[in-house]
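Residue numbers (the numbering used here), protein chains in the order written: chain U, 1 to 60; chain R, 61 to 453.
Just so you know, the hints here were simulated from the structure itself, not pulled from any lab data. Check before you lean on any hint, since a few could be wrong.
Calculated from the model, a selection of chain R residues having no Cβ within reach of chain U, i.e. all distances over 10 Å [to be verified]:
no. : residue
1   : D73
2   : E74
3   : T89
4   : K94
5   : R110
6   : E192
7   : F298
8   : Q345
9   : I355
10  : A367
11  : L369
12  : Q375
13  : K396
14  : I414
15  : A431
16  : Q432
Calculated cross-link-like contacts (lysine-lysine; reagent style DSS-like; alpha-carbon spacing at most 30 Å) [what the hints assert, rightly or not]:
no. : chain 1 : residue 1 : chain 2 : residue 2
17  : R       : K189      : U       : K37
18  : R       : K159      : R       : K213
19  : R       : K119      : U       : K38
20  : U       : K25       : U       : K48
21  : U       : K25       : R       : K242
22  : R       : K408      : U       : K25
23  : R       : K407      : R       : K395
24  : U       : K37       : R       : K407
25  : R       : K189      : R       : K159
26  : R       : K242      : R       : K159
27  : R       : K419      : R       : K395
Note that this is a predicted model, so its numbers are computed, not measured. Glycine included, every Cβ here is placed at the ideal spot set by N, Cα and C.
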Amino acid sequence: MSQRATDALFQSLFLLTDIRAILRKTAPLHLLSAEEKKEAEKILSGVKRQVEILEEELVR
Amino acid sequence: MRCAGEIETRQIDENTINIDPIQVGGRLTADAMKAVIAYGDGYSVCDNCRKPFRLDYIKKPPIADFHADLASWLDMDVCRLVPGARRGFQAVCQGLVGKGDPVILTALSHYTEFLAVESAGGLPREIPKTAENRITADAAAETIERVIRTDGKTPALLFIEGVDYQYGNHHEVREIAECAHKYDIPVLYNGAYTVGILPVSGRDLGVDFVIGSGHKSMAAPAPSGLLATTDEYADTIFATTAARGDQTGRTFGIKEISMMGCTLMGVTVMGMMASFPHVRERALQWNQELENSRIVVDALRSIEDTAVLSEMPRQHTLTRVDTRASFDAVAQTHKKRGFFLSSALSKKGITGLIPGATKIWKFNTYGMTRAQAAHTAAAFTEIARENGLTVND
Chain U
1 MSQRATDALF QSLFLLTDIR AILRKTAPLH LLSAEEKKEA EKILSGVKRQ VEILEEELVR
Chain R
61 MRCAGEIETR QIDENTINID PIQVGGRLTA DAMKAVIAYG DGYSVCDNCR KPFRLDYIKK
121 PPIADFHADL ASWLDMDVCR LVPGARRGFQ AVCQGLVGKG DPVILTALSH YTEFLAVESA
181 GGLPREIPKT AENRITADAA AETIERVIRT DGKTPALLFI EGVDYQYGNH HEVREIAECA
241 HKYDIPVLYN GAYTVGILPV SGRDLGVDFV IGSGHKSMAA PAPSGLLATT DEYADTIFAT
301 TAARGDQTGR TFGIKEISMM GCTLMGVTVM GMMASFPHVR ERALQWNQEL ENSRIVVDAL
361 RSIEDTAVLS EMPRQHTLTR VDTRASFDAV AQTHKKRGFF LSSALSKKGI TGLIPGATKI
421 WKFNTYGMTR AQAAHTAAAF TEIARENGLT VND
């Protein structure tokens, strides 16, 4: 069992859900304010990190 | 894009501003979506279900606490989760209405209230609405008297909508409850369009039952809802089973008959629970929602010959409008006929209007950001101008 991989899986899905919420809040044009861009950037960076963990745990 | 097999991925709320009157209050919060991801499996909340094996006793996840929190939030004594408001109506009718008993509904009651009464063998009797599409205490009193006179029985129950589904109007709930109680008639408050989006206190309203809809107004997956009541009625409505198998002698613990045992056993309860802290908070921001509603309503009213059929000024985000002399007049000669309006809105990123509707229709602005309300308002006036209608600034 890789608890680390499972945690990373859920964490990445949760972070992507936060992106989904941003899409909903800014529909239909998706023109993000400076603050929203900063928030999205932070979330996406977190997603990348979780995907890296998944790669470390499952593929490498 | 498809999510599985032939199933399209639904992206309505990611890509557009949704004004569907029944959908907007039930859209999930991000936390509810996360709970859905984690608890999608069927009996996912039952991992730690221990004696007495009932949903409202489960401590992990904290479903027992959630029940208590809901009752307290609504100023009621006891609460149960139900698969939709309609099942709450049905449970109350099952407990209080006998065959041939008259039950008071209103001219603005939802069809599921009628079905609930019918399922118990009751006879629906309506309180008429006023010319302004409101249900008043005077009309309730007259109806109760009429029913006692003509049916020869005191009604077993009275339903009243906090806000009705047709006009989004508020009604004289407190006064009606007072009036009904003079005849010892218990009162059921239908909060499908209030519980979860604006503050509701069952105690302040003086009602005996508060019913809410999770998927309509509590940012929860369908089917979900709640039934809250007082200690006075809890034992009747939530009576536990006394059944015993005649061959096996089996008994069934403290399962509640009207709930058919456990109710929301997975993604529904977890979504509802995950949204609850946000729902409790958002109900306190109701004035901001009303401001958004008024921005869109004002834009529609600025289009000549457009009438708002709901009470004014708007006190709810669901509004019924009459555009027979404006958008429907355009539809008579437009190449897309009645579909021009939904099509034009769609091009501007707005969905939720029934395709083809140009006469009398409803929309709901609940959950919009201020920018989305402004966008929606501008879309209506732009479409009006583009089609030769006069817009009064």
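Hint check:
With a cut of 10 Å on Cβ distances, R:D73 falls inside the contact zone with chain U, its closest approach being about 5 Å. Once the 10 Å rule is applied to beta carbons, R:E74 is inconsistent with being away from chain U; the minimum gap is 4 Å. Listed as a non-interface residue, R:T89 fails to keep its Cβ farther than 10 Å from every Cβ of chain U; the least gap is roughly 8 Å. For R:K94, the non-interface assignment is contradicted: its Cβ lies about 5 Å from the closest Cβ of chain U, within the 10 Å cut-off.
Every CB of chain U is more than 10 Å from the CB of R:R110 (nearest about 25 Å), matching its label as outside the interface. The Cβ of R:E192 lies farther than 10 Å from every Cβ of chain U, with a closest approach of about 35 Å, so its non-interface assignment holds. With a cut of 10 Å on Cβ distances, R:F298 stays outside the contact zone with chain U, its closest approach being about 35 Å. At roughly 15 Å, the least C-beta separation between R:Q345 and chain U is larger than 10 Å, which holds for a residue marked as non-interface.
No Cβ of chain U approaches the Cβ of R:I355 within 10 Å, the least distance being about 17 Å, so the stated non-interface status holds. The Cβ of R:A367 lies farther than 10 Å from every Cβ of chain U, with a closest approach of about 28 Å, so its non-interface assignment holds. Non-interface status of R:L369 relative to chain U is upheld: no Cβ of that chain comes within 10 Å, the nearest being about 27 Å off. With 10 Å as the threshold on Cβ separation, the claim that R:Q375 sits away from chain U holds: the shortest Cβ distance comes to roughly 25 Å.
Here R:K396 stays apart from chain U, with its beta-carbon at least about 20 Å from theirs, past the 10 Å limit. No beta-carbon of chain U comes within 10 Å of the beta-carbon of R:I414; the shortest separation is about 19 Å. Look at R:A431: its CB is around 8 Å from the nearest CB on chain U, not clear of 10 Å, so calling it non-interface is violated. Non-interface status of R:Q432 relative to chain U is broken: a Cβ of that chain comes within 10 Å, the nearest being about 7 Å off.
Pair hint R:K189 plus U:K37 does not hold up; C-alpha atoms about 50 Å apart against a cutoff of 30 Å. The straight-line distance between the Cα atoms of R:K159 and R:K213 is roughly 12 Å, inside the 30 Å bound, and the hint therefore holds. About 38 Å separates the Cα atoms of R:K119 and U:K38, which puts this hinted pair outside 30 Å; it is violated. Simply put, U:K25 and U:K48 have alpha-carbon atoms about 23 Å apart, close enough for the 30 Å limit, and the pair holds.
A hinted pair counts as satisfied when its Cα atoms are at most 30 Å apart, and U:K25 with R:K242 does not qualify at roughly 48 Å. Between R:K408 and U:K25, the direct Cα distance comes to roughly 16 Å. Compliance with the 30 Å bound is thereby established for this hinted pair. This hinted pair checks out: R:K407 and R:K395 have alpha carbons roughly 16 Å apart, not beyond 30 Å. Between U:K37 and R:K407, the direct Cα distance comes to roughly 25 Å. Compliance with the 30 Å bound is thereby established for this hinted pair.
Distance check on the hinted pair: R:K189 and R:K159 sit about 27 Å apart at the alpha-carbon level, within 30 Å; holds. With a C-alpha separation of about 23 Å, the suggested pairing of R:K242 with R:K159 holds against the 30 Å cut-off. Distance restraint check for R:K419 and R:K395: the Cα-Cα separation of roughly 17 Å lies within the 30 Å cut-off, and the hinted pair is therefore satisfied.
In terms of the numbered hints stated before, the structure departs from hints 1, 2, 3, 4, 15, 16, 17, 19 and 21, listed from lowest to highest.
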